[in-house]
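Visitor: These protein sequence lines are chains A and B, in that order. Mapping of the first sequence onto my numbering: position 152 corresponds to residue 155, and the numbering continues sequentially without gaps. Mapping of the second sequence onto my numbering: position 159 corresponds to residue 892, and the numbering continues sequentially without gaps.
Hints were generated in silico from the structure; no laboratory data involved. Here the structure is a predicted model, which is why all the values come from computation and not from measurement. Ideal Cβ placement from N, Cα and C applies to all residues, glycine included. Keep in mind that the hints are not guaranteed to be accurate.
To be verified - DSBU-like cross-link-like pairs, simulated, lysine-lysine; straight-line CA separation at most 35 Å:
#	chain 1	residue 1	chain 2	residue 2
1	A	LYS219	B	LYS988
2	B	LYS988	B	LYS1003
3	A	LYS224	B	LYS1003
4	A	LYS242	A	LYS200
5	A	LYS214	B	LYS799
6	A	LYS110	A	LYS198
Unchecked claim - What the simulated footprint calls covered on chain B by chain A, stretch by stretch (three residues with Cβ under 8 Å from a Cβ of chain A suffice, anywhere in the stretch; the number is not a length):
#	region
7	954-961
8	989-995
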Amino acid sequence: MHIAVLAKVVPDYEVPARDFELAGNRAHSRYTRMIGLYDENAVETGIQLKEKYGAKLSIVSYGHGDDVPILRKAIAMGGDTLHLVLGDSDDPYVIAANLEMALEQIKDVDLVLAGQQSADQDRGIVHGILSEMLGYTFLAQISRIEFDQDRWTVHQNHENGSRVLQFSRKAVLSITSSHENVPRIPVVRAIMAAKKKPVEKLQGIDAAPMKAEEIKVEIPKLESICEFLPLDDLQQTAKILLARLREERYL
Amino acid sequence: MKTLIIEKIEPKIIGELVTVGRILGETPDLLAIGQGEIPGTFNRAFQCRETIAANLVDSLAELIQKNAYQVILLSATTLGSEIAGRLGARLKAPVLSEVIEVKPDMTVKRPVYGGKAVAEYKIPEGHVILTIRRKYFEPALLEGTSAAEALTIENPSITLLSEDQIQTQGVRLEDAEIIVSGGRGMGDSGNFEILREMAGLLNAAVGASRGAVDEGWVPQTMQVGQTGNIVAPAVYFAVGISGASQHLAGIANAKCVVAVNKDEEANIFKRARFGIVSDYRNFIPVLIRALREEQ
């Protein structure tokens, strides 16, 4: 069994809105870079499958050469190999074409996992496009994966609950966060060992971008001004709060 | 622009998509997923009983090309995200997800960086696939029902083994005018009971942040945020919620946010109308007493 996990390095997604700044149409380069929020859930899911079924686990990314030290975290968590396609596009079709190229070169991948969406462009569509390019099936919002007798059984979250699905083809799965795939914190020895692992760098390829012109990116104004209620007497605080909510016709 | 909505038979969601379709031109046609009557009057409606999106793509692409639909509208749900990317690649069409604003000149806006910025796009002629974020468009009133042409699926590759629909007690999160939500600061699954008690007195729904869901304290159907439920209540009580941008993106349309958090530096206070810097264990029981006294 060979599993590939797609991991994207993004600007710090925990920067609060009040401190967020653009440079041109993208996040300012001063922010720390890190593996995307849901991509870490996907890495954790991949590691659990590796541990349970003895799978080989490849980490695949598209981005800058500078991303390598950040991506090594996925190796320290439990990934076996790291493959980075060099490129700087953030077009979903270009990214998907480059990831397809990398996966075709890696060969024999049975299952591709990716976080449900990147933590910068927040699109959640690259994995679907990629699956179509690869000719694999695609399922979204997967929280648990099991394998038995050549069949994958997966748990899919949806707005009204969840369901259990089964298939036997190769697939791309988008992974959502759950209490079962909270990313592990790598131990120091694993971090040190990950630094010595070779990285395969692949030259990116040209591909046709999406036919939609990005006109502008703006930071919306935060209009809310918080009124902190007095805390000397909490009973009074509660009464003031309810009165204010009624005065302003929220209740 | 000839437009097709693809959506489960849920009148509010279909209504939101009809509103978007009308901004772009005429009332769209509908492909309804699942069983039941088709709500609303459509010039042309199709119905497919298969609900696994991965099994639908081949037939959808054929239907779209045969009928020359240009704009495909989906809701930004599990179904929508499962279809949009594959269909886009199949049709070689741009895909814009989580759209929050649509204009007749074919410009659309969508949030990026966890809602900290908004990107605007111009859509060219030809096929385009849009997934629409919930609660940003007033649902059109769907009157009457429509007869539908059946769309059949051949050789599905995915099998449904079981389905678990969470039965919500009380008010549904997406319909709630008041929501009481708890975060990691709640500390424990059992501590959500106090929020349920408060919600009962306010006729409110109970929600949670991603942190609380990841801890396993509450089911994911209660998750509010960019990747959970997008809500638009009159009042949103955020209890023990720090206010990560991904959470704030889910409550962008809440009219009034009341934040209860013992950390005065918590980001949630930047979004709140009223702030109570207190341990919820001290304040919420007092608020519950005040609500009881009012009854």
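Visitor: It remains to establish, for every hint, whether it holds in the given structure.
Guide: Hint check results:
1. LYS219/A - LYS988/B: Holds - the C-alpha atoms of LYS988/B and LYS219/A are around 27 Å apart, at most 35 Å.
2. LYS988/B - LYS1003/B: Between LYS988/B and LYS1003/B the Cα gap is close to 14 Å, so the pair holds against 35 Å.
3. LYS224/A - LYS1003/B: holds (12 Å)
4. LYS242/A - LYS200/A: Measuring from Cα to Cα gives roughly 61 Å; hence the hint is violated.
5. LYS214/A - LYS799/B: Satisfied, since the Cα-Cα distance of roughly 22 Å is no more than 35 Å.
6. LYS110/A - LYS198/A: The given pair, whose Cα atoms are some 24 Å apart, holds under the 35 Å limit.
7. 954-961: n = 3 at 8 Å, threshold three: holds.
8. 989-995: holds (count 4)
In this structure, only the earlier hint numbered 4 is contradicted, and the remaining ones agree with it.
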